[in-house]
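Since the structure of chain R is already known, use the hints to place chain Z on it.
Here are the chains, one letter per residue:
Protein chains: 2
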Amino acid sequence: MLFDAVVLANGEYPTNPLPLKILAEAPYVVCCDGAADEYIRRGNVPDVIIGDGDSISEDNRNRYSHLLHRISEQETNDQTKAVRFLLSQGKRHIAITGATGKREDHTLGNISLLIDYMRAEADVRMFTDYGVFIPCRDVRTFSCSPGQQVSIINFTARGLHGKGLVYPLSDFTNWWQGTLNECTEAEFTIEAEGEYLVFISFQQPPQRLSAKARRFSGETPGIEGIELYYPGWRDASFGE
Amino acid sequence: MLFDAVVLANGEYPTNPLPLKILAEAPYVVCCDGAADEYIRRGNVPDVIIGDGDSISEDNRNRYSHLLHRISEQETNDQTKAVRFLLSQGKRHIAITGATGKREDHTLGNISLLIDYMRAEADVRMFTDYGVFIPCRDVRTFSCSPGQQVSIINFTARGLHGKGLVYPLSDFTNWWQGTLNECTEAEFTIEAEGEYLVFISFQQPPQRLSAKARRFSGETPGIEGIELYYPGWRDASFGE
Chain R
1 MLFDAVVLAN GEYPTNPLPL KILAEAPYVV CCDGAADEYI RRGNVPDVII
51 GDGDSISEDN RNRYSHLLHR ISEQETNDQT KAVRFLLSQG KRHIAITGAT
101 GKREDHTLGN ISLLIDYMRA EADVRMFTDY GVFIPCRDVR TFSCSPGQQV
151 SIINFTARGL HGKGLVYPLS DFTNWWQGTL NECTEAEFTI EAEGEYLVFI
201 SFQQPPQRLS AKARRFSGET PGIEGIELYY PGWRDASFGE
Chain Z
1 MLFDAVVLAN GEYPTNPLPL KILAEAPYVV CCDGAADEYI RRGNVPDVII
51 GDGDSISEDN RNRYSHLLHR ISEQETNDQT KAVRFLLSQG KRHIAITGAT
101 GKREDHTLGN ISLLIDYMRA EADVRMFTDY GVFIPCRDVR TFSCSPGQQV
151 SIINFTARGL HGKGLVYPLS DFTNWWQGTL NECTEAEFTI EAEGEYLVFI
201 SFQQPPQRLS AKARRFSGET PGIEGIELYY PGWRDASFGE
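If you're matching them up, the sequences are chains R and Z in order. With the first letter of the first sequence counted as 1, position 183 gets the number 183 in the UniProt record's numbering; the numbers rise by one all the way through. With the first letter of the second sequence counted as 1, position 44 gets the number 44 in the UniProt record's numbering; the numbers rise by one all the way through.
Isolated chain R, as found in the complex (with noise of 0.2 Å):
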């Protein structure tokens, strides 16, 4: 098994169908009030609903009142009440999927946050749309396909240095300064002390790749792709 549970945060409900299938498949599927009626109106039971219960309908809010775990504490976010409780749980590995695509701010705090998670000993990565962010520590590695693009957003790291990347890391003081990075081989390596995040973008449109990275690049891979192209989920920490 690959998590232990799923938390759907208040943001845009997934539409990738990556994200779509972790949800469908978890073994436990916590809600953020705010998304637990979008996820009952598309046929489901949440096997949780977290937070303060106003952003739930009032018919869900008496249907599921025995799901409802109300948390109206205002230091944090639904989506950190929702990991709190998965932790209390014994449930530390943990996807986050439709936490992005809101407000801006929202988007910032709920990724930012995933540091917080790896400090907390969460095993933790967010599917977005797009790709998936996973807080590292220290030095990792993760399986990709050449071409496949990778950003590393630095929090606390040092001595930054990457293998199997088009471009070079430094230890990064802006945001932007790590993204839009590419791999060449199967896998890369972040060598480096401390924090960071790594994305790294489900696929990309070959056209769009750099002439140095095109040279290394495959197939692009439709839906039916998605599991073999990024393998990256699968990597050792969830002790496979």
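It should be emphasised that the hints constitute simulated quantities derived from the structure, not laboratory data. Treat the hints with caution; some may be incorrect.
[Unchecked claim] For lysine to aspartate or glutamate, the following EDC-like pairs were computed, each having C-alpha atoms within a straight-line distance of at most 20 Å:
#	chain 1	residue 1	chain 2	residue 2
1	R	Lys102	R	Asp54
2	Z	Lys21	Z	Asp47
3	R	Lys21	R	Asp47
4	Z	Lys91	Z	Asp47
5	R	Lys102	Z	Glu12
6	Z	Lys102	R	Asp54
[Said to hold, decoys possible] With the Cβ distance kept under 10 Å, some of the chain R side facing chain Z (calculated, not the full set):
#	residue
7	Gln74
8	Thr80
9	Thr107
10	Leu108
11	Asp116
12	Ser151
13	Thr156
14	Asn174
[Unchecked claim] Derived coverage of chain R by chain Z (criterion: at least 3 residues anywhere in the stretch with Cβ under 8 Å from a Cβ of chain Z; other residues may be distant):
#	region
15	13-19
16	109-115
17	126-135
All residues carry an ideal CB built from backbone N, CA and C; glycine is no exception.
Just chain Z now, kept in the frame of chain R:
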């Protein structure tokens, strides 16, 4: 005149009436080449199209070749090429729109680049469908409406302190820590030494406001109220 020019970037085409109005009334429009097709399809002609020219349709590339300013340099993205081009023309009051809403690493990159543009003496604001990002240095005051949501994202600032906001500020070390604040008055002030981003949300349904802010909150205006409701983009930095 509020802006010398508007950059239409490669993200989602704006849908919110405020960025659409800014785009419609712009004295000068630079399209990043990925955005030019949609801008043209809607019956407009940009003043300049900037990029490496591989994201625009062949039809438009031929028809508007006289507007195409190709910059194939790989170290910067199209948004930055557009801003640099405008600065080289003496146009420094710049609005950016269409810069978010697709790949989240592009969104992070485009938002964080605002700090670099400020360092290059641009007076720049990014209008999304949800609000406006303003790169700031040191002490800044903005008009707002009580209850309006504000996020502060720290880059290099120390001594962060807010006036007219529900939650206190501190020297945030992670992006999320300054998100989801709220105005309590008709203006708010950030005191700091150094650089930070302010995000002012266009509007917020009253039922989503905290109890404390709700006490201060008036009506939430519709589309026709945006200018009145969101006067922050007319602040002193534009020399009015």
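**Message:** I'd like to know which numbered hints this structure contradicts. Please list them from smallest to largest.
**Reply:** 6 and 15
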